[in-house]
Amino acid sequence: MSTAAADWGRSVELDDVSHRVAIVGVGEADQTQASGRSARDISLQAIERALEDAGLAPGDVDGLMTSGGMGDQLLPEDFHAHFGTSHDLWISGEGGGMAWAATAPSKAAAALARGDAHVVLNVFAVSWATQRGSMRGGPGEFHAREPLKAQLELPFGWFPQPVYFATIARRHMHEFGTTPEQLGAIAVACRRHANLHPGAVLHDKPLSLEDYLSRPLLVDPLRVEDCCLISDGGAAYVMTSPERAHDLAKPPVWVAGVGEGRSDAGLYWSQQRDFTSTPQVFSAPAAFRMAGVTAEDVDVLTLYDPFTIVALMQIEDMGFCAKGEAGAFVEGTRLYHDAGGLPYNTHGGLLSHAYVLGIAHVVEVVRQLRGEAHAQVPGARIGVYGGYTGHLASTLVLERDA
Amino acid sequence: MSDLPLPDPDAALTRPFFEAAERGELAIPRCDTCRRLVWYPRERCPHCGGDALSWVAQSGRGTLYSYAVVHRALWKPFADKVPYVTGLVALEEDPAVRVVTTLVDWTPGELRVDLPVEVVFRPLRFAGSESSAVVPFFKPAA
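From first to last, the protein sequence lines stand for chains G and E. Just so you know, the first sequence maps onto residues 1 to 402 in this note's numbering. Just so you know, the second sequence maps onto residues 403 to 544 in this note's numbering.
Don't read these hints as lab results, they were simulated from the structure. Owing to the predicted nature of the structure, the values given are computational and were not obtained by experimental measurement. Watch out, some of these pointers could steer you wrong.
[Said to hold, decoys possible] One side only, chain G facing chain E, incomplete, derived with CB under 10 Å:
| no. | residue |
| --- | --- |
| 1 | Met70 |
| 2 | Gly140 |
| 3 | Ala144 |
| 4 | Pro147 |
| 5 | Gln151 |
| 6 | Phe159 |
| 7 | Pro160 |
| 8 | Gln161 |
| 9 | Ala166 |
| 10 | Ile168 |
| 11 | Arg170 |
| 12 | Arg171 |
| 13 | Met173 |
| 14 | Asp264 |
| 15 | Thr276 |
| 16 | Thr389 |
Just so it is clear, CB atoms sit at the ideal spot from N, CA and C, and this is done for glycine as well.
Only chain G is shown next, with the shape it has when bound in the complex (with noise of 0.2 Å):
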């Protein structure tokens, strides 16, 4: 395939930072429904799950990485006044997950490499199942309060995101082929990984493609299956220099490669030129250029997945197969994690395991390349996590000693 042409967005420039810094302990907080909790009061749950994942004190970590852009994420006087510490902390709003919970291990590298911090937490969570009852349009309150969405697509019903993406799903089958069948693939694999993982959301609830076209369509063409979760819940992972990481508890989990993307229509998604593709295009060519690998090398792989047909998409965009050629890649057992093609999101996903953003995916890939997930890919040595918000796209690419 070729990506050389595409001019409607680019690639961020990153610098190296191959190996300079892993991710040395990973935790979760309870994945739920509607559960009264607080995003604070969870983030802290995640952090003490990694904390203890790394065998790390919470003295130990003077960096904190948070996502800068919603308003009730941790602050560091909620870490002090819940772990009884009180030292300096590096903070940086650049994490958090979505696009970022790829892009931050880049930005703590930086940090690390200054020596502004040593050990750095990047946590997110959200309580949006609990406090689903008083916002607008759920997450697409945002997009709800953007000027130009309030005037040119609001009143006319495009709104909010399930809108958004039934109508490039439509115009991919349209161009590409690309069937229910084939998106439905994407959701049943999440659903057998769900089923496997004892945290996971729909983890009690298993689902069959014939279930799966069975349920009545929601914004045709996409089902409620095609949708991700709305829940309360989130992750953490700790990262740290190479030096400090061979000490600790876990063996390391390199950060081997990171990208970024962005897309020229910036949240105007009715006017990217490329409607049918995600800026992964100028995103994952760089992280595995960074990493020395290719879409042939990796053993797992997440991605961000709000709707199947976004997972769809990046899977084209990132290279592991040709565009528009996804539908019939992700047919039959491909994505499962036991059948040697393309474990994908061997969680469950934002659809069947939580709606934490993508946090949650990092953590999968660090649990996959340690040998301790739930639904184990046997061997998995280089895993990715393909990270999508609006305009933004964004790689981490993670692997371990061999």
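Starting from the known structure of chain G, fit chain E onto it as the hints suggest.
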């Protein structure tokens, strides 16, 4: 912002679009310098950087670039409108300009991507409110 998604007459960047709709015109900004259409509206032309743009009436013809059929309303104002069809119209003058619309006067059997469509101006209303605004809808072309 009110709870109903009616166009805001005080939103400067989009006011000419809805004023044109009141006159029965589908107007799109065009760069005075390079003569290309600019959509969404903005202060400067993204093609040549020109800062003089004029709203120009278009034919109102185009094709249905893609669409979604909303069967279950995902937010309240549209609860009594389902099923409805919303999507993007690629304009005849420049198909790279995609106008978000609601399709009207459609029958299930004729819905398809690239369906020829034409503009029609009608009041947009929501249940429980007397307020309305004329907006450009599109319907299958005659």
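Hint-by-hint comparison with the structure:
1. Met70: 20 Å, violated
2. Gly140: 7 Å, holds
3. Ala144: 8 Å, holds
4. Pro147: 7 Å, holds
5. Gln151: 4 Å, holds
6. Phe159: 7 Å, holds
7. Pro160: Status holds, d = 6 Å.
8. Gln161: 9 Å, holds
9. Ala166: 4 Å, holds
10. Ile168: The hint holds - G:Ile168 has a Cβ within 10 Å of chain E, the shortest such distance being about 7 Å.
11. Arg170: 5 Å, holds
12. Arg171: 4 Å, holds
13. Met173: Holds, because the Cβ-Cβ distance from G:Met173 to chain E comes to roughly 8 Å (cut-off 10 Å).
14. Asp264: Holds, because the Cβ-Cβ distance from G:Asp264 to chain E comes to roughly 8 Å (cut-off 10 Å).
15. Thr276: Interface hint status for G:Thr276: holds (9 Å vs cutoff 10 Å).
16. Thr389: The hint is violated - G:Thr389 has no Cβ within 10 Å of chain E, the shortest such distance being about 20 Å.
Hint compliance for this structure: hints 1, 16 are broken, all remaining hints hold.
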